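Given the sequences, and given the hints that come with them, work out the whole structure.
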Amino acid sequence: MVGGAALVMRRAVRFVDQRAGSAPLLRKALRYVFPDHWSFLLGEIALYSFVVLVATGVYLTLFFEPSIKDTVYHGSYEPLQGRTISEAYRSVVDISFEVKAGLLIRQTHHWAADVFVVAIVLHLLRVFFTGAFRKPRELTWIIGVLMLMTALLEGFLGYSLADDLLSGMGLAIAYSVVMSLPLVGANLALLIWGAPFPGVPELWPRMYVFHVLVLPIAIGVLLSIHLALIVARHHTQFGGGRRTERRLVGLPLAPAYAPRTIGLALAVASVLFLLGGLVQINPIWLWGPYEVSQATNGAQPDWYLGWLIGALRLVPGFDVVIGDYTLVPNAFWGGVALPLSLFALLLSWPWLERLVTRDTAFHNILDRPRDRPWRTAIGAAVVSWVFLAFVSGSADRVDVLLHVPYRTQIWLYRVLLLALPPATLLVTWRFCLALQQSERVEAEKRAAKAAGADASAPSPTV
Amino acid sequence: MSVLRFLRRVLVLALLLVLRRRRGRRQSAIPSETLVGLHTPTHVYVYTGTPAREPDLRAELLVLVLLGVGTVCAVAFVVVHALDRLPRQTQLLGLSLGLAFALFAAAAIVFGTRLVAQDEHEENYGPEEHEQDQAGVAHILDETGDRITRKRLLKLAAGGAAGALGVALLTPAVSLGPVLDVGALSRTPWRRGRGLVDRAGRPLRADDIEIGTFYTAFPAGASHDEIGSPLIVVRLEPAELDLPPGRKGWAPEGILAYSKICTHAGCAINLYRTPLFEPTAPRAALVCPCHYSTFDPARGAKVLFGPAGRPLPQLPLEIASGGALRAGGPFSGRIGPAWWGVRRS
Amino acid sequence: MRGGVVIGVAALACLAVPGVGAPEDPLVERGRNVYTASCVSCHGPEGQGVLSPTRGSGGIVGLGPPLRGVGARAADFYLRTGYMPLRDPSDQPRRQRPLLSDREIDAVAAYVGSLGGPPVPKPHPERGSLREGLELFTEYCAGCHQVVGEGGVVNGAVAPPLGRATAVQIAEAVRIGPYVMPRFSRRHISDRQLDSIVRYVQASQDPEDAGGWGIGHLGPVPEGMVAWLIAGSALVLVAVAIGKRLKEGDE
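So the sequence lines, in the order shown, correspond to chains B, W and C. The first sequence lines up with residues 1 to 462 when you count with this note's numbering. The second sequence lines up with residues 1001 to 1345 when you count with this note's numbering. The third sequence lines up with residues 2001 to 2251 when you count with this note's numbering.
Heads up, some of the hints might be wrong.
Unchecked claim - Pulled from the structure, derived: some chain C residues nowhere near chain B, Cβ distances all over 10 Å:
#1 R2055
#2 G2069
#3 R2095
#4 G2116
#5 H2124
#6 H2188
#7 D2191
#8 R2192
What the hints assert, rightly or not - Going by beta-carbon spacing under 10 Å, a handful of chain B positions derived as facing chain W:
#9 L183
#10 G194
#11 P252
#12 A256
#13 G263
#14 L275
#15 E291
#16 G298
#17 A299
#18 G317
#19 S341
#20 N364
#21 L402
#22 H403
To be verified - No more than 27 Å apart at the CA atoms, straight line, and that leaves these computed lysine-lysine pairs for DSS-like:
#23 C:K2244 / B:K135
#24 C:K2244 / B:K28
#25 B:K28 / B:K135
Hints listed in this document are in silico derivations from the structure and should not be mistaken for laboratory results. Keep in mind that this is a model prediction, so the values were computed, not measured. Idealized CB from N, CA, C, for every residue including glycine.
Right under this line is the structure:
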């Protein structure tokens, strides 16, 4: 470094070390080693999306009005002129049209939420298919799944705060799903909403406080523990070369890794702001304000809840009944049973796998998906099941666009939900075995070549 | 010397200082760094790999260019923001800021992958467990109870105390809503004699209701925003009706009123399928646009298709002496989505 | 040849009807000819309808409502949108290129109008209000057509997207209630209110989209696709550019 700057830097380090005793920690931290594979960056994409969410979110809180009280619109959007709407809706329309960078920040915030969950899912898939959740990292995995669940709720609350027609319909459905919980559903729904739907006016400040304070803090705390656990046990790595279960090889934070991760952060911000300015998202002025007696065709929740609308549509029409009493309303199966069972499976997976493999060793080296065919196959089957639920949620748009009758699609998806996961399981399993087989053949060929022997052709072993 | 010339000298000197190029220093090879942790030696850092690269002038230039253009974009954002009444302002703001970030990202990545040393370091994963410290912790916690004679009782008492305190601290949450009284769910503004009005508050008259279209009605003098308020009103030929037993007279002149709130998940049913020419089109039905539950108005809103588990509750209608429509009694069942234990009739 | 015989018979029949001595409007005359060639197998002679499936010539199974009293309004609507002629009576009519020319449509509309019924409406969207249009459209139309007219599913039918509907067609459809659409009379939705609805639909055909690319104005489904396919793949590509890849033989 240039002489003068180096002196200043030395002085600064000394200043902080004298007052905080920080130099040993700083020295260790600067040399913290990151194994270097592109798929290890997916979690960081989620992290940086969260940073953009908080930053843009703070800006929005300076303008948003968390109140369901009526007001009359007098802004610049003509179709709403003179219309009685809620303060919440009015404030979001004003952010979009009356505040200069308001629409940019609002759209960036919403895109960041969508991309946050995309990144979490990609990261979860990488961790799952490489077995990074195994001992000693089960707790890190649990916290990750909890963060995913929190992120879904956080996003739902966020877009419901705008009180537009689409999200209002979503709140009504959420109310029905809570009501459908066995034993406590009605009580819980009345507790949260404060009264039968649409609930008490205080519901809005309640949703707001959860969205801007309670849940972000929850995610922040979970994230801190998640990162602390990763640092404590160090990151996993793929095998090969000098990398072993005991020895980690990678790039130190300084000088090589820090600029890369900063570059990734800036790239995430870039993509989100580009989308925020160039691609319209959630144009609530087009949907109009929510009213209990109104609805629109083609209403959907944000993408990460699309599996639920698919499930709600696919479940056949029945309530579980005893005599004249309803036991389990229909909405329970798609709205509660499906997501709960998926999350239960995710949370318990490290122990489920251990039950079968009886493997209690520490694992710092990752699997390649093909090296664990049964885990990869089960994972692929579950992914196909969830993906089907998602796709079935858009069956109505497919009907409008491609003229495949809605009813036919529903039956098709019901059959596929039963048939596709087992088929995916089988195909994936065989594919992994085939990949392993071809690698073995290649390795044997190379060994034979290296030995220089004109030995017999490699015999295929299974 | 004039002030201007002095300033120019300063500017030239500053530029020279900033822009001059140094010879890149070869990284001094530290064969191994042993770093001592806070209390015990933990990790050994071993320097491996190839020595530091020669300076990469092109990469340096690239980083400078990227930073420069990115700065221009960031400034452009400020300029665009300052302008009033610019068409497509959101797009220009997003483009300028997004490009600034993208160019800075590229600069950082080029810096990180080509300008700084790319040497790999090695590190040990650390011991799987610390048996001695585990034993130490266990011992410390153990000796807390050395002098206590009634351990189990104390533990029970502490547990009970914590539980009671926890419940006490959570209790105020009950004020959030009528958690113990679900009766509110069964109450609606509709009762015998209540008039039907439209969205503007005007009374709905029987001869306003035509066949082949639908109307939304609300209770006169009550809030339109409750889930129990909105009705969907349609008229069918009386001969087509086949209502459930006990509903004789509920549909005067074939006018039917059902709760507009879907019994599946609470969306408003504002979709009425009504055939213009019956031989070639599906029969008349009320459909919910959320999950496409389909109800047959001629047969008491029986569920024809979709995930709804219960028919729509019907409101009996009467035609008052002046021709206005009014309710003839309460709904035939609970309105809206069902809950555990709710009666179906 | 067959057409000529039918025309001849029809002409004689006209003369046979008492009271019809005056010469017919040539447009109506032409309309009847076109009607007889293209529409009679489903809608019957003189628009009396075919109320049970009747196998006609050319293998066509005819089934169609009577056109007495529907007026030029209906004929103009169905023909200009291409809903009619319909290949199979049990199909849902769909918008397509009209099979008849403009002049022929005018003629058939005049003919059907001569059987009685309302004329082609003349809406005045410039007199309507967007605010009233949004309210009315949400109330009566959004449940099937989606709040900005992108179309929707009705279970058994498709409510079409309204992107290509003209002002006259919108006004006609609201009053007619084609296929399974409700029909809104003047008492239900006044002409003035209809003007507002027409104005709103026309505005929705090309919304301002202050936020950028409108991606279909459908909401979260295209938004999710953008998040995955554009943002997701862009960021994965950046990660691949930054990070290492597993090299061949590197296990």
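When the nearest CB of chain W is found for N364 (chain B), is that gap smaller than 10 Å?
-> Nearest chain W Cβ about 5 Å off; hint holds.
Are L275 (chain B) and chain W close enough, Cβ to Cβ, to be under 10 Å, as the hint says?
-> Holds: closest Cβ of chain W sits about 8 Å from L275 (chain B), inside 10 Å.
Can we keep the L183 (chain B) interface hint, with Cβ of chain W closer than 10 Å?
-> 6 Å, holds
Is the nearest Cβ of chain B still more than 10 Å from the Cβ of R2055 (chain C)?
-> Given that every Cβ of chain B is farther than 10 Å from that of R2055 (chain C), nearest at about 26 Å, it holds.
Say whether it holds or is violated: G2116 (chain C) keeps its Cβ farther than 10 Å from all Cβ of chain B.
-> 35 Å, holds
Restraint check, 10 Å cut-off on beta carbons, for P252 (chain B) near chain W = 5 Å, holds
Against chain W, is G317 (chain B) within 10 Å by beta-carbon distance?
-> 5 Å, holds
Against chain W, with CB atoms and a cut of 10 Å, does the hint on S341 (chain B) hold up?
-> 18 Å, violated
For the hint on L402 (chain B), does the least C-beta distance to chain W fall short of 10 Å?
-> Violated, because the Cβ-Cβ distance from L402 (chain B) to chain W comes to roughly 17 Å (cut-off 10 Å).
Is the interface hint for H403 (chain B) satisfied, with its Cβ closer than 10 Å to some Cβ of chain W?
-> 16 Å, violated
Against chain W, with CB atoms and a cut of 10 Å, does the hint on A256 (chain B) hold up?
-> Holds, because the Cβ-Cβ distance from A256 (chain B) to chain W comes to roughly 6 Å (cut-off 10 Å).
Are the Cα positions of K2244 (chain C) and K28 (chain B) separated by 27 Å at most?
-> 24 Å, holds
The structure is inconsistent with the numbered hints 19, 21, 22, although it conforms to all the rest.
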